[in-house]
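Chemist: Sequence:
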Amino acid sequence: MVGLLTRRLLRDWKQISRHYQHIRDKNSILFHLKPQDSNLHVWHLVINQPLKHAELYLRLFVGSEEEPSIILRCLTPNNRFPVNRNISLTHLNYLLIDYGFFALLQRIWKLFFEHAETLSAVHEQESRFCFAWNRIVCRDFKLNFPELVGCLAPGDYEMIKDHSKRIGQSTHQTRKVGSNTTVDNGSTDESYNESNLIACDDSFARGANPFSKRRWSGNVESDDFEVASTLKRARK
1 MVGLLTRRLL RDWKQISRHY QHIRDKNSIL FHLKPQDSNL HVWHLVINQP
51 LKHAELYLRL FVGSEEEPSI ILRCLTPNNR FPVNRNISLT HLNYLLIDYG
101 FFALLQRIWK LFFEHAETLS AVHEQESRFC FAWNRIVCRD FKLNFPELVG
151 CLAPGDYEMI KDHSKRIGQS THQTRKVGSN TTVDNGSTDE SYNESNLIAC
201 DDSFARGANP FSKRRWSGNV ESDDFEVAST LKRARK
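Each residue of the sequence shown is one higher than the one before, starting from 1 at the first, in UniProt numbering.
Quick caveat, the hints were computed from the structure, so don't treat them as lab data. In this text the structure is predicted, and so the values were computed from the model without any measurement. Take these hints with a grain of salt, some might be off.
In silico PhoX-like pairs for lysine-lysine, Cα to Cα no more than 25 Å straight-line [said to hold, decoys possible]:
(1) Lys34 x Lys165
(2) Lys142 x Lys161
(3) Lys14 x Lys34
(4) Lys161 x Lys52
(5) Lys161 x Lys14
(6) Lys110 x Lys34
(7) Lys14 x Lys165
(8) Lys142 x Lys165
(9) Lys52 x Lys110
(10) Lys34 x Lys52
(11) Lys142 x Lys52
Using C-beta positions, here's what the derived DEER-type ranges look like [said to hold, decoys possible]:
(12) Ser17 x Arg107: 34 to 42 Å
(13) Tyr20 x Arg107: 14 to 22 Å
(14) His22 x Val149: 41 to 49 Å
C-beta: ideal position from N, C-alpha, C; glycine also.
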């Protein structure tokens, strides 16, 4: 059953997509957003800083109206949050409920790009790195945003390979660090709970990772059919 909040987010997504269709300069678009076909609680999001040509690939998990959890996961290395960690933004669920999807996207954009120190840290080399990382490492980026893929530059693969080696060595030394984080100027928000964070890694419905691309079997279940039908109607 597709909930009321999910239906509302799909309508907001449709309006945002229509708005950006009329923008000629695609480099000035701040958000690229798509729901995951197999799980409408998971959203693929690319945010851009046009002045610095910075591009970050993120995933959002948005719960139901009964439990409006919001979990962010960064898939592109950045100076704000660690990669592949669950970040609770549930304290911002009032933005979704009162103002809609666009207000939440604006707040997320500001988390990464509003502060001057963050912008000054984004130079040409880092912008190129993010561009290459999203297209080489993030398979789902190419699947969900083929219009953004473009062309890689010579040396991009070597740059990503060198970075991956450094990260691998660092990760080996920090395995014991916790993977769940809350964000609100360093304070802990009481509106989320452990099950909301686990929902990003476990089954929202049956135990599979909602951030993993689900494989469709020959037998389509009724819930899957409703999800596909709802998504198809929203895209019209």
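Chemist: Holds or violated: Lys14 with Lys34, Cα cutoff 25 Å?
Modeler: OK: Lys14 and Lys34 at ~10 Å, within 25 Å.
Chemist: Checking one constraint from the list: CA of Lys52 to CA of Lys110, max 25 Å. Satisfied?
Modeler: holds (14 Å)
Chemist: Going straight from one Cα to the other, do Lys161 and Lys52 come out at no more than 25 Å?
Modeler: holds (24 Å)
Chemist: Keeping to a limit of 25 Å between CA atoms, is the pair of Lys161 and Lys14 held or broken?
Modeler: Distance ~37 Å between Lys161 and Lys14 Cα, so the pair is violated.
Chemist: Quick check: does the Cβ-Cβ distance between Tyr20 and Arg107 fall within 14 to 22 Å?
Modeler: holds (18 Å)
Chemist: Has the given pair, Lys14 with Lys165, been kept, meaning a C-alpha gap of at most 25 Å?
Modeler: violated (40 Å)
Chemist: Decide if the proposed pair is consistent with the structure: Lys142 and Lys161, CA atoms, cutoff 25 Å inclusive.
Modeler: The hint holds at about 19 Å.
Chemist: Within 25 Å, alpha carbon to alpha carbon, are Lys34 and Lys165?
Modeler: violated (31 Å)
Chemist: Mind checking the alpha carbons of Lys142 and Lys52 for me, to see if they're no more than 25 Å apart?
Modeler: Holds, at roughly 22 Å.
Chemist: Within 25 Å, alpha carbon to alpha carbon, are Lys110 and Lys34?
Modeler: Measuring from Cα to Cα gives roughly 20 Å; hence the hint holds.
Chemist: Lys142 and Lys165: Cα distance at most 25 Å?
Modeler: holds (23 Å)
Chemist: Starting from Lys34, check that the Cα of Lys52 is at most 25 Å away, please.
Modeler: Holds - the C-alpha atoms of Lys52 and Lys34 are around 23 Å apart, at most 25 Å.
In the structure shown, a violation is registered for the earlier hints numbered 1, 5, 7, 12, 14, in ascending order.
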